[in-house]
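Construct the entire structure; sequences and hints are all you get.
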Amino acid sequence: MHIQIDQIAKTFGTTSALHPVSLSIPQGALVALLGPSGSGKTTLLRIIGGLEYPTAGRVLFDGQDATNMSVQDRRAGFVFQSYALFRHMTVFDNIAYGLRARPRASRPAPAQIAQQVTRLLDLIQLPDIGSRFPTQLSGGQRQRVALARALAIQPRMLLLDEPFGALDAKVRKELRQGLRDIHDETGLTSIFVTHDQDEAMELADMVVVMSMGRIEQIGTPAQIRQTPATSFVRDFTAA
Amino acid sequence: MTRRIWIARSPMPGRGLSAGITLSMLSAVVLLPIGALIWQGAQFGPSGLWDVINRPRVWAALWLSFRLAFLAAAFNLVFGTLLAWVLVRYRFAGRRLVDAAVDLPFALPTAVAGIALTTLYAPNGRLGGLAAQIGWKIAYTQWGIFLALVFVGLPFVTRTVQPVIEEIDTEVEEASATLGASRIHTIRRVILPMLTPAALTGFALSMARGVGEYGSVIFIAGNIPLKTEIAPLLIVIQLEEYNYDAAGAIGLAMLAISFVTLLAINLVQIWSRRRIGHV
Amino acid sequence: MSDAVFIPRFRRASDDSPLMRLVLIAVALGGLALLVVMPLVVVIGQALAQGWGAAIASLASHDAWSAIRLTLLITAIAVPLNAAFGIAAAWFITKFDFRGKAFLITLIDLPFSVSPVVAGLCIVLLFGANSTLGGILIAHGHPVVFAVPGIVLATVFVTFPFVARELIPVMIEQGRAEEEAALTLGASGWRVFASVTLPNIRWALLYGTLLCTARAMGEFGTVAVVSGKIRGQTATMPITIEMLYNEYLSVAAFSMAGLLTCLALITLTLKTGLELRHADALAATRRH
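Chains as they are written, first to last, in the numbering used here: chain A, 1 to 239; chain B, 1001 to 1279; chain C, 2001 to 2288.
Fair warning: there could be bad hints in the mix.
Stretches of chain B that chain C covers, calculated by requiring three or more beta carbons in the stretch to come under 8 Å of a beta carbon on chain C [to be verified]: (1) 1087–1093; (2) 1167–1180; (3) 1245–1258; (4) 1267–1275.
Note that these hints are calculated values from the structure, not bench results.
Even glycine gets a Cβ: it sits at the ideal position worked out from N, Cα and C.
Listed below in structure tokens is the structure:
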């Protein structure tokens, strides 16, 4: 899906989280929103996902205005920062949740749901954990379950909020490749938020550097590294 | 450009429904009735209110309710803190049971507490009889009111202080001991000051409850005008005589006392947050 | 064995001296015995003063039975109303951002700081025969004061904050992320509530409802003012206790008191059980 951000602004009370920003994300890209905390990157991601409404501006999916589209109708696979797995459900029920939440007419039969969940558990390479509860999983496993749960609804895009933020360095490296693989396999337009410039540069096709609610630069990792547009970008990516 | 919105737009469902239920029930159940009392007072005017309140019997009742609620809350401040300390720090048989028993005044209907305390502490009751032998009359005197108010206010201080004691880092006490302080000194200078804000909050809650308490008190009080007649009873008496104006005036005076107590609780909490960093 | 007494045992810096422990425990237990345990013993003793037969016969009388039925009816109406209100208020307060939130919470807590008698007075002033609203309702055959609706209103008033103030801290602590996740997965509003929120708050909801029920069955002051105390019609169990006690019908009064005491003890047991087993799912503090 081609995602366009057209002059999106967001204020909370009197503070401005996003000054009008515009951005075009081509179909199938893997994009990093990179910036320090408070730069507005998570707010932008939540606006795309429909979890936050912009104060002004439009969001377009494949050229169609989706600004007022409900979060349910957007079908954005969203991976939350601390994963937001349902604590009282098994891994299986977590992944099946979106399929079971569909209206009766389009809801798959239980056998099909089971088949889909099994396929997703294989995809995240954790075939045997279906009956466990989220508290019984390691951080890396939780992240992958959250990813599988988001993929189960056959999303039109993948949105990830600091997907590696809560993990230690070793697991982080492994899962980076995992995300890249899943992106390449599904071909989904994917946006992830990060404050780690290594992560952005290594993983993304396109990096959007943000600061103080503004976009500082948009470009490939190489462009950002070689020709930083502002002194902020130079300092931030040099760190 | 920025509209002044009261409720920020959100994709969370049920905004209108939950706001509607909350605000309409709050209005219908709480705000309208209290508004009716204030409206009644407003029509009556300040001088009219003063005429009702400025009568010896009314003054005596208000002063009695206020004074005994204060004294009972003060007793609970000490006893409740002691109880909290014993329950958190000491291990003894039946501690769980005792802990649960502290909540009984919350769970037991006030009328039941009232008749039970009266029967127990009346001159012909088991404990009242013992007290009578030394010439101490409890039921049907101000002592009885005090006792009933101690009963209903008992859990407040204990339940506000208990979590604070649980959170005290024993290193603080150890630090005090390494500095050469005796145990008594540590308790007085280190522990009690840490408990003060919570204990005062519990005191104010206990007092607010005591000022308005009716059910547990009327049986044991004796209800003699000017001596053991509490303010809520005076309202009931005025209502039974269809004297709505007088009832309203006394009710407003009590509402004012409630608001002042509520304000005091909030001030204590603001003060403690500033001083200690938590409530 | 006796030697051990004289060996000074190591005492940690945060431990009190044995004498102090002994004195404090004795004071605590003694105080509770005089204030809490003895009254309970009195209730049971007085109820059974003439044996079980007399106690049960007094509860089976027509007036006693109608009081029990009325109290159950009032509770069955008031508690679900307050549970619904508590859920709605907690949802509204914790899932949305708006101005005046702290003020709204204060207003919800207000009934806790208003005297029961004053609460009853407020209802009488609003719906009594002398008021405009009450006059209209009575003219249409729907009296509120001295009738069941007034008792329901009084009960809802005094128990108003119970469920809401138990749920709000729990829902603040749990945050909004799980609900948001369910929304992104396509769940409808009701489904989000039923499949994600409700399982997370169920123990807190049960806890709040339990306290609400205990108070609803036992409320005296407010009901005394609004009910008119009509025997067989608007006399709830606590009101009946008062009437019987004032008529020196000790066994009957204490039998009904015993029934309410049993309910209070059951409430305490369930409450303690919930606190022990589901402490993590309840509001962090056990304050009231």
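Status of the hints after comparison with the structure:
no.: 1; hint: 1087–1093; result: holds (count 4)
no.: 2; hint: 1167–1180; result: holds (count 6)
no.: 3; hint: 1245–1258; result: holds (count 6)
no.: 4; hint: 1267–1275; result: violated (count 0)
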